[in-house]
Amino acid sequence: DQQVKQNSPSLSVQEGRISILNCDYTNSMFDYFLWYKKYPAEGPTFLISISSIKDKNEDGRFTVFLNKSAKHLSLHIVPSQPGDSAVYFCAASWNNFNKFYFGSGTKLNVKP
Amino acid sequence: GAVVSQHPSWVICKSGTSVKIECRSLDFQATTMFWYRQFPKQSLMLMATSNEGSKATYEQGVEKDKFLINHASLTLSTLTVTSAHPEDSSFYICSARLNTRDTGELFFGEGSRLTVL
Chain A
313 DQQVKQNSPS LSVQEGRISI LNCDYTNSMF DYFLWYKKYP AEGPTFLISI SSIKDKNEDG
373 RFTVFLNKSA KHLSLHIVPS QPGDSAVYFC AASWNNFNKF YFGSGTKLNV KP
Chain B
86 GAVVSQHPSW VICKSGTSVK IECRSLDFQA TTMFWYRQFP KQSLMLMATS NEGSKATYEQ
146 GVEKDKFLIN HASLTLSTLT VTSAHPEDSS FYICSARLNT RDTGELFFGE GSRLTVL
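Residue numbers (the working numbering), protein chains in the order written: chain A, 313 to 424; chain B, 86 to 202.
To be clear, the hints were calculated from the coordinates, so they are not data collected in a lab. Ideal Cβ positions, reconstructed from N, Cα and C, are used throughout, including at glycine. Please note that a few of the clues may not be correct.
Stated by the list, open to error - A partial selection of chain A residues facing chain B, derived with a Cβ cut-off under 10 Å:
#1 Phe374
#2 Phe377
#3 Gly417
To be verified - Straight line, CA to CA, 25 Å or less: simulated BS3-like cross-link-like pairs of lysine-lysine:
#4 A:Lys383 - B:Lys126
#5 A:Lys317 - B:Lys105
#6 B:Lys126 - A:Lys423
#7 B:Lys126 - A:Lys419
#8 B:Lys151 - A:Lys411
#9 A:Lys419 - A:Lys317
#10 A:Lys317 - A:Lys380
#11 B:Lys105 - A:Lys411
#12 A:Lys317 - A:Lys383
#13 B:Lys149 - A:Lys411
#14 B:Lys99 - A:Lys411
#15 A:Lys368 - A:Lys383
#16 A:Lys349 - B:Lys126
#17 B:Lys126 - A:Lys411
#18 A:Lys383 - A:Lys419
#19 A:Lys380 - A:Lys366
#20 A:Lys366 - A:Lys383
#21 B:Lys149 - B:Lys99
#22 A:Lys411 - A:Lys383
Next up, chain B with everything else stripped away, as it sits in the complex (with noise of 0.2 Å):
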């Protein structure tokens, strides 16, 4: 199947600094990838569609200019925690999806795990 990476897999930072973390598709072109930020024990919660060339688009409660969105490539979009705080603390998951299959299905990349102290 389709892979996706996503780098790093686990961060931890100081409170007040910024964090990127990329997502690539390996072996294919995604013009979409999506965002998903996991805290403990509940569910994959969508922060945001990346659309390659434009502006992404973000769920509602999800702040822009906190989560910043940039997905320059086919297959590459990043995620910047700008000014992170310890409630960013978190499991984020990109994915992305086959454009010339008509499933649906999503890849996953292995996650990133932050910290912020």
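One chain only, chain A, in its complex shape (with noise of 0.2 Å):
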């Protein structure tokens, strides 16, 4: 059972326009979602976070925004750049970062 889901499995966007990666979670427990990049052949880096004290959490041109009526976060990519080119993994946590579990990813292609 996949508690945390990225139903967009690619994504793609004009160079300089917003690029918008979603994920949908079904445990209420999770308090911390994190979002992470990874380029082919490396492990994921980290991106951005968000507690769920907050409804929105921004850095540079990242910005997640969580929703947790609907159990959903969303990152936003303004202006979206070739470089950012990856699969998006979001990820969510609870019990004090005991674990993490991950989303299937989203290929975001940026054209230039």
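Join the two chains, each given in its own frame, into one complex according to the hints.
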């Protein structure tokens, strides 16, 4: 049973436009959410996170939104750049980071 | 940021043999490391939580006798795939969390691709 889901396996966006990546979760106990970026043949790298006490966290071009009632979070990248092309995973944690659960990833392609 | 190194990055073995994958935190101490497995086009599946000095905690459905985890020091955790079979072929990734940071951020190794012939 997958507790964190990314229903879009891929997304293609024009350079300069906004990229919106979505993530849904089922476990209401999750209280911390993270986004990771992964290039081929490399381990994921941390991008941005949000605690369940917030509904928005911004870091430069990256903003994560959390809608607890809908059990949904999204990552916005504005403006998108070709270097952003990668696979993005959302992850969720609870119980003081004892476990992390990942979505299946969304492959973002930013076209020049 | 913190560095986690995984070795080997790619290993090919014959069916029935055992393979050990190492995960090291290079510039920090990690009392807890996590082992994940990734199937093609699927999510990172948490296999087990490795705790320094104690037994690993395995997720439901993961055979502890098949996937032996040892976390003998604060900087090293190992995953041994015993009596490997072709269905064990996968991408295995370890991660560690900085104990001093209250962000929950995980640092990942580069991953190890296992191919069992």
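Hint-by-hint comparison with the structure:
no.: 1; hint: Phe374; in the structure: 14 Å, violated
no.: 2; hint: Phe377; in the structure: 18 Å, violated
no.: 3; hint: Gly417; in the structure: 7 Å, holds
no.: 4; hint: A:Lys383 - B:Lys126; in the structure: 23 Å, holds
no.: 5; hint: A:Lys317 - B:Lys105; in the structure: 31 Å, violated
no.: 6; hint: B:Lys126 - A:Lys423; in the structure: 22 Å, holds
no.: 7; hint: B:Lys126 - A:Lys419; in the structure: 10 Å, holds
no.: 8; hint: B:Lys151 - A:Lys411; in the structure: 21 Å, holds
no.: 9; hint: A:Lys419 - A:Lys317; in the structure: 14 Å, holds
no.: 10; hint: A:Lys317 - A:Lys380; in the structure: 15 Å, holds
no.: 11; hint: B:Lys105 - A:Lys411; in the structure: 23 Å, holds
no.: 12; hint: A:Lys317 - A:Lys383; in the structure: 11 Å, holds
no.: 13; hint: B:Lys149 - A:Lys411; in the structure: 17 Å, holds
no.: 14; hint: B:Lys99 - A:Lys411; in the structure: 33 Å, violated
no.: 15; hint: A:Lys368 - A:Lys383; in the structure: 14 Å, holds
no.: 16; hint: A:Lys349 - B:Lys126; in the structure: 15 Å, holds
no.: 17; hint: B:Lys126 - A:Lys411; in the structure: 22 Å, holds
no.: 18; hint: A:Lys383 - A:Lys419; in the structure: 22 Å, holds
no.: 19; hint: A:Lys380 - A:Lys366; in the structure: 9 Å, holds
no.: 20; hint: A:Lys366 - A:Lys383; in the structure: 13 Å, holds
no.: 21; hint: B:Lys149 - B:Lys99; in the structure: 21 Å, holds
no.: 22; hint: A:Lys411 - A:Lys383; in the structure: 18 Å, holds
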